[in-house]
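Asker: Sequence:
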Amino acid sequence: MAAAVSSPSAVELDPGFLRAFRTSTLTEAQAHEFLDRNPIETCFLLRQLSAAIAAKTAPHAPPSSVPPFEKPPPKKRRGKSGAKVGHKGHSRPTPGRIDRHVEHQLPHCPDCGGELVRTGRTRTRIIEDIPADLKAEATEHTIHRDWCPCCRTQVEPRVPDALPACTLGNHAVTLSAFLHYGIGTTTRQVVDVFNAHLQLKITDGGLTQMWHRLAQTLKPWYEQIWDDCLGSAVLNGDETGWHLNGALVWLWCFYTDRSTFYAIDASRGHAVRNRFFVDDFHGTLVTDFWRADDVVDARMNQKCWAHLLRELKAVDERPNGPRDDWVEFAKKLRRIDTDAVRLAAAGDTMPASERDAKVCRLHARMTDLACGTWTHPDARRLAKRLIQDGADLLTFAEIPGVPATNNRAEREIRPAVLMRKASYGNGSSQGAETWAILMSIYRTLKTRGLDPLAETRKALETLTKTGTLSKLPDKPTSPG
Numbered sequence: 000m001a002a003a004v005s006s007p008s009a010v011e012l013d014p015g016f017l018r019a020f021r022t023s024t025l026t027e028a029q030a031h032e033f034l035d036r037n038p039i040e041t042c043f044l045l046r047q048l049s050a051a052i053a054a055k056t057a058p059h060a061p062p063s064s065v066p067p068f069e070k071p072p073p074k075k076r077r078g079k080s081g082a083k084v085g086h087k088g089h090s091r092p093t094p095g096r097i098d099r100h101v102e103h104q105l106p107h108c109p110d111c112g113g114e115l116v117r118t119g120r121t122r123t124r125i126i127e128d129i130p131a132d133l134k135a136e137a138t139e140h141t142i143h144r145d146w147c148p149c150c151r152t153q154v155e156p157r158v159p160d161a162l163p164a165c166t167l168g169n170h171a172v173t174l175s176a177f178l179h180y181g182i183g184t185t186t187r188q189v190v191d192v193f194n195a196h197l198q199l200k201i202t203d204g205g206l207t208q209m210w211h212r213l214a215q216t217l218k219p220w221y222e223q224i225w226d227d228c229l230g231s232a233v234l235n236g237d238e239t240g241w242h243l244n245g246a247l248v249w250l251w252c253f254y255t256d257r258s259t260f261y262a263i264d265a266s267r268g269h270a271v272r273n274r275f276f277v278d279d280f281h282g283t284l285v286t287d288f289w290r291a292d293d294v295v296d297a298r299m300n301q302k303c304w305a306h307l308l309r310e311l312k313a314v315d316e317r318p319n320g321p322r323d324d325w326v327e328f329a330k331k332l333r334r335i336d337t338d339a340v341r342l343a344a345a346g347d348t349m350p351a352s353e354r355d356a357k358v359c360r361l362h363a364r365m366t367d368l369a370c371g372t373w374t375h376p377d378a379r380r381l382a383k384r385l386i387q388d389g390a391d392l393l394t395f396a397e398i399p400g401v402p403a404t405n406n407r408a409e410r411e412i413r414p415a416v417l418m419r420k421a422s423y424g425n426g427s428s429q430g431a432e433t434w435a436i437l438m439s440i441y442r443t444l445k446t447r448g449l450d451p452l453a454e455t456r457k458a459l460e461t462l463t464k465t466g467t468l469s470k471l472p473d474k475p476t477s478p479g
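The opening residue of the sequence shown carries number 0 in numbering that gives the first Met the number 0; numbering runs sequentially from there.
Honestly, the hints are just simulated from the structure, not real lab data.
Quick caveat, the model's predicted, so the values are computed rather than measured.
Some hints here could point you the wrong way.
[Unchecked claim] With a cut-off of at most 25 Å between alpha-carbon atoms, the simulated SDA-like pairs for lysine to any residue come out as follows:
id : residue 1 : residue 2
1  : Lys218    : Lys74
2  : Lys74     : Asn406
3  : Lys74     : Glu316
[Said to hold, decoys possible] The calculated label-pair distances, taken between Cβ atoms and stated as ranges, are:
id : residue 1 : residue 2 : range
4  : His86     : Asp279    : 44 to 54 Å
5  : Met349    : Ile126    : 51 to 61 Å
6  : Leu308    : His86     : 28 to 38 Å
7  : Trp146    : Leu247    : 51 to 61 Å
Note that CB positions come from ideal geometry on N, CA and C, so glycine has one too.
Could you put together the complete structure from these sequences and hints?
Answerer: Put into structure tokens, the structure is as follows:
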């Protein structure tokens, strides 16, 4: 039987007792032995036990969002929602064209049934609707094969309406893929829309095979997005759990102001970073404190302030409250953040010499805070982190355009999280590759202010006519 303490003279928790307590295997004899001592020793041991459990469960890097069940009730609105009194209203704009004209005139009074005197007065009302008889159009293509005496082979024209070996046209394939990967509807829901409303009979398996072909056709766009991320000045990165055939894998997301790249990998460590960053990264990498990011040889790094400030708040809100020198540590760290944000907001309005001097002072304050002698365990833990990452927390104050948090990557990973809740990930490696390719393309086109459905449809049209896939469309240039 393991003793609750190693010896009566050294009032310390025995590792065996602590392990049994954490794993719910504590025996009745161990519990009695723990309690069978004087109150002073028992009180001291309970405090040791509390600290050990807190250290075991302390988060290394807290999640980017608070679970819904832990969120406090929202604050009540002070004013009424909606537009303020006197605000000019907005209505649906009048369509640019009228497809059909319908006239309505009463034959007699609807109240008394009497004869009406025609006044010639009218009013118009415009209604936009979807035709009730929407249905798929089946087209039989007769393809003529002719003999070329020069090439000594049979030749035939291309069919521009569908990909090779596809029985569904480009419009159906791109629309269904956009509904699933671009909007997030499930495969079953897409099938229901096509079977019922669009009157095009398809199956889940048949539709999935079409998506696989579409992804492989557009894969050069996926590689262009990858190259664009590697060549960006600022790159945000984040990861989250994913499911592949029921097993836990990882979804990686990289975001710039013009591209979004997704990759699904079994690794959460250095290996996936080495596969993505095939060479040195010459920009600024914005991430949280996950240590796999440290393997990237980036020109500059920016660690996420939001994650760090959340940890400060979590310690502040503990039941026993802040104690020892924690208040001083947290206050100084928050002041550094406030001053860095103010310096970054100043931008070019501040002389370069003054800006450089303030940046140097911020680094000096961060170093003093990291190297300080702190007694609170959480202050010591975060001070160690500042020794390693303190300089990377101030990059946003030095380089314009660098954000203080990796919030943008977290927002880009949010659509994937919503899809994960609905579909539980992917069932095969091919499905995971298709998901990563099409999601990257649709999110990138949306980021660039383009219509994902129209652009993919246009690309397939060009491909089937010329045999060459056009380049990934860029942001539209503003006139003038």
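Asker: Run every hint past the structure and note whether it holds.
Answerer: Hints and how they fare:
Only pairs whose Cα atoms come within 25 Å are accepted, and Lys218 paired with Lys74 is rejected, the gap being roughly 47 Å. Distance restraint check for Lys74 and Asn406: the Cα-Cα separation of roughly 23 Å lies within the 25 Å cut-off, and the hinted pair is therefore satisfied. For a cut-off of 25 Å, the pair hint linking Lys74 to Glu316 stands: about 18 Å separates their Cα positions. Restraint check, His86 to Asp279: a C-beta distance of roughly 53 Å satisfies the suggested window 44 to 54 Å.
About 57 Å separates the C-beta atoms of Met349 and Ile126, a value consistent with the hinted range of 51 to 61 Å. Leu308 and His86 have their C-beta atoms about 36 Å apart, which keeps the hinted 28 to 38 Å range intact. Separation of Trp146 from Leu247 is about 58 Å and conforms to the stated range, judged on CB atoms against 51 to 61 Å.
Checked against the numbered hints above, the structure violates only hint 1.
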